[in-house]
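Top line first, the protein sequences correspond to chains Y and W. Numbering-wise (numbering that gives the first Met the number 0), the first sequence opens with residue 0 and increments by one. Numbering-wise (numbering that gives the first Met the number 0), the second sequence opens with residue 0 and increments by one.
If you are wondering where the hints come from, they were derived from the structure by calculation, not from laboratory data. Remember, it's a predicted structure, so these values are computed and weren't measured experimentally. Quick reminder that beta carbons are idealized off the backbone N, C-alpha and C, glycines included. Where hints are given, some of them may not hold.
Partial list, computed: chain W residues near chain Y (C-beta under 8 Å) [said to hold, decoys possible]:
| id | residue |
| --- | --- |
| 1 | K4 |
| 2 | L15 |
| 3 | L21 |
| 4 | L25 |
| 5 | A26 |
| 6 | R27 |
| 7 | P158 |
Here are the computed lysine-lysine pairs in the DSSO-like style, where the Cα-Cα straight-line distance is at most 27 Å [claimed, not checked]:
| id | chain 1 | residue 1 | chain 2 | residue 2 |
| --- | --- | --- | --- | --- |
| 8 | Y | K7 | W | K4 |
| 9 | W | K112 | W | K150 |
| 10 | W | K162 | W | K135 |
| 11 | Y | K137 | W | K4 |
| 12 | W | K142 | W | K201 |
| 13 | W | K114 | W | K133 |
| 14 | W | K142 | Y | K3 |
Distance ranges between label pairs, derived from CB positions [to be verified]:
| id | chain 1 | residue 1 | chain 2 | residue 2 | range |
| --- | --- | --- | --- | --- | --- |
| 15 | Y | L47 | W | D147 | 14 to 22 Å |
| 16 | Y | S5 | W | M14 | 28 to 36 Å |
| 17 | Y | T105 | W | A10 | 53 to 61 Å |
| 18 | W | M14 | Y | Y24 | 19 to 27 Å |
| 19 | Y | P4 | W | K162 | 43 to 51 Å |
| 20 | Y | W133 | W | I16 | 20 to 28 Å |
| 21 | W | L24 | Y | G127 | 15 to 23 Å |
| 22 | Y | V88 | W | R7 | 28 to 36 Å |
| 23 | Y | A123 | W | P61 | 31 to 39 Å |
| 24 | W | I16 | Y | L47 | 23 to 31 Å |
| 25 | Y | S5 | W | K162 | 48 to 56 Å |
| 26 | W | M14 | Y | K3 | 46 to 54 Å |
| 27 | W | D172 | Y | V148 | 36 to 44 Å |
| 28 | W | K4 | Y | Q120 | 48 to 56 Å |
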Amino acid sequence: MITKPSSKELAGLLARLAVGGVLVYSGVIKALAPAEEFAFAIESYRVLNAQLSLWAAYAVPWIELYAGLLLAAGVFTRFFAAFNGAMLVFFELLLGQAWLRGLPITSCGCFGSSASNSIEQEFAQNIGLLCLAWAAFKYGGWLTADNAVGPDEA
Amino acid sequence: MIQRKNARLLALAAMLIFLSTLAVLLARQFNMGPTLPVPAYRSFGPVEAPVQIYEYTDFACPACRHAAEKIDEMLKVFGAGLRVNFKHYPLLTIHPWSFHAAAYADCAGEQGKFKEYAGLLFAGQEKWGQAKDKPKEFEAYAKQLKLDWPKMVTCGDAPETHKRLKLEIAEGDVKGVTATPTFFINGRRAVGSAQLIDQAMKFDNMLRSAAKP
Numbered sequence: 000m001i002t003k004p005s006s007k008e009l010a011g012l013l014a015r016l017a018v019g020g021v022l023v024y025s026g027v028i029k030a031l032a033p034a035e036e037f038a039f040a041i042e043s044y045r046v047l048n049a050q051l052s053l054w055a056a057y058a059v060p061w062i063e064l065y066a067g068l069l070l071a072a073g074v075f076t077r078f079f080a081a082f083n084g085a086m087l088v089f090f091e092l093l094l095g096q097a098w099l100r101g102l103p104i105t106s107c108g109c110f111g112s113s114a115s116n117s118i119e120q121e122f123a124q125n126i127g128l129l130c131l132a133w134a135a136f137k138y139g140g141w142l143t144a145d146n147a148v149g150p151d152e153a
Numbered sequence: 000m001i002q003r004k005n006a007r008l009l010a011l012a013a014m015l016i017f018l019s020t021l022a023v024l025l026a027r028q029f030n031m032g033p034t035l036p037v038p039a040y041r042s043f044g045p046v047e048a049p050v051q052i053y054e055y056t057d058f059a060c061p062a063c064r065h066a067a068e069k070i071d072e073m074l075k076v077f078g079a080g081l082r083v084n085f086k087h088y089p090l091l092t093i094h095p096w097s098f099h100a101a102a103y104a105d106c107a108g109e110q111g112k113f114k115e116y117a118g119l120l121f122a123g124q125e126k127w128g129q130a131k132d133k134p135k136e137f138e139a140y141a142k143q144l145k146l147d148w149p150k151m152v153t154c155g156d157a158p159e160t161h162k163r164l165k166l167e168i169a170e171g172d173v174k175g176v177t178a179t180p181t182f183f184i185n186g187r188r189a190v191g192s193a194q195l196i197d198q199a200m201k202f203d204n205m206l207r208s209a210a211k212p
């Protein structure tokens, strides 16, 4: 039975859908494009060599897609809210080191080649997404697959 | 009970992962992914033309030379209704100099003569296509068109030029291009000039109405 949500639960649901939705979009748009395109963007952060960048470019879009989709659907909600939060922290570290080193990054690679914000904008956007991931972790328990499949109790 | 619940959630997760993977792979197959922009010198026809053709081509491929002639005819006939965007897809395993030819054609494009240089490359493909050493024709064509050859050499060796070509090849691979010339006419795939004409006829009304003065 669907109960009337509190304002926090409603905010948690919206946060879950927002973070999940952004990650699904970001994953799909990159998975539809050649991996080499994203690999060139990863290389520009000067953290991984060309070969590892290519492997990362093959894997990351699918991880974003699956993790975003499962969070939005509310499957293992708290786990995927934390996982997506950790992923966003990792992206922040990559962006932050590039920003501090003043690397000439023309495309952050975040949403493929079709859209490219500056590093500063992406950094700020990720902070916003991190806040939403926290809200999804804390209050994202309403309308989840976790609840739909049955109670925890024996 | 908790184990049963987790098993159900795992099954649901597996189903979502399977379905989303399938959806993305199908979208790739149906050419629904983003298309990398083409440099302006490789696009012909008005930007707002109702029929947009993307051609993946290889300068050493005889069928591409034949298709280039057809494309030129179509551009003349349909004018305002058609825009053609050339994408490089050199077949590296069978045409050893195609990648270089594509790079130099782009460099000629940066000097304003992509189409002219491409025309000479197609016309002379039997001379340079299977050469053992770097063909002299690349320089000869540049000089024939009064292009700045040293500048073209620098441009042809530039990492940016190579990066752009490699991305186009990778894009072609993602879209399932395996032969040249492959066309996408408003997203519909056609391989070879016969299929090009066949597909283009489906857009005949749009082409003709846009071409009317």
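Results for each hint:
1. K4: 5 Å, holds
2. L15: At 6 Å from the nearest chain Y Cβ, L15 (chain W) passes the 8 Å test, so the hint holds.
3. L21: 12 Å, violated
4. L25: 11 Å, violated
5. A26: 6 Å, holds
6. R27: 6 Å, holds
7. P158: At about 10 Å, which exceeds the 8 Å cut-off, the nearest Cβ of chain Y leaves the hint on P158 (chain W) violated.
8. Y:K7 / W:K4: 25 Å, holds
9. W:K112 / W:K150: Since the Cα atoms of K112 (chain W) and K150 (chain W) sit roughly 14 Å apart, the hinted pair holds (cutoff 27 Å).
10. W:K162 / W:K135: Judged against 27 Å, a Cα distance of about 24 Å means the pair holds.
11. Y:K137 / W:K4: Measuring from Cα to Cα gives roughly 21 Å; hence the hint holds.
12. W:K142 / W:K201: 42 Å, violated
13. W:K114 / W:K133: Holds: K114 (chain W) and K133 (chain W) sit about 22 Å apart, inside 27 Å.
14. W:K142 / Y:K3: 77 Å, violated
15. Y:L47 / W:D147: 14 to 22 Å: 37 Å, violated
16. Y:S5 / W:M14: 28 to 36 Å: 30 Å, holds
17. Y:T105 / W:A10: 53 to 61 Å: 43 Å, violated
18. W:M14 / Y:Y24: 19 to 27 Å: The hint (19 to 27 Å, Cβ to Cβ) holds, given that M14 (chain W) and Y24 (chain Y) are roughly 21 Å apart.
19. Y:P4 / W:K162: 43 to 51 Å: The hint (43 to 51 Å, Cβ to Cβ) holds, given that P4 (chain Y) and K162 (chain W) are roughly 50 Å apart.
20. Y:W133 / W:I16: 20 to 28 Å: 25 Å, holds
21. W:L24 / Y:G127: 15 to 23 Å: 32 Å, violated
22. Y:V88 / W:R7: 28 to 36 Å: 30 Å, holds
23. Y:A123 / W:P61: 31 to 39 Å: Between A123 (chain Y) and P61 (chain W), where Cβ atoms are some 54 Å apart, the hint is violated.
24. W:I16 / Y:L47: 23 to 31 Å: For L47 (chain Y) against I16 (chain W), whose Cβ atoms are near 25 Å apart, the range 23 to 31 Å holds.
25. Y:S5 / W:K162: 48 to 56 Å: The hinted range 48 to 56 Å holds for S5 (chain Y) and K162 (chain W), with Cβ atoms some 52 Å apart.
26. W:M14 / Y:K3: 46 to 54 Å: For M14 (chain W) and K3 (chain Y) the Cβ distance comes to about 29 Å; the hint is violated.
27. W:D172 / Y:V148: 36 to 44 Å: 40 Å, holds
28. W:K4 / Y:Q120: 48 to 56 Å: 41 Å, violated
Hints 3, 4, 7, 12, 14, 15, 17, 21, 23, 26, 28 from the list above are not met by this structure, while the remaining hints are.
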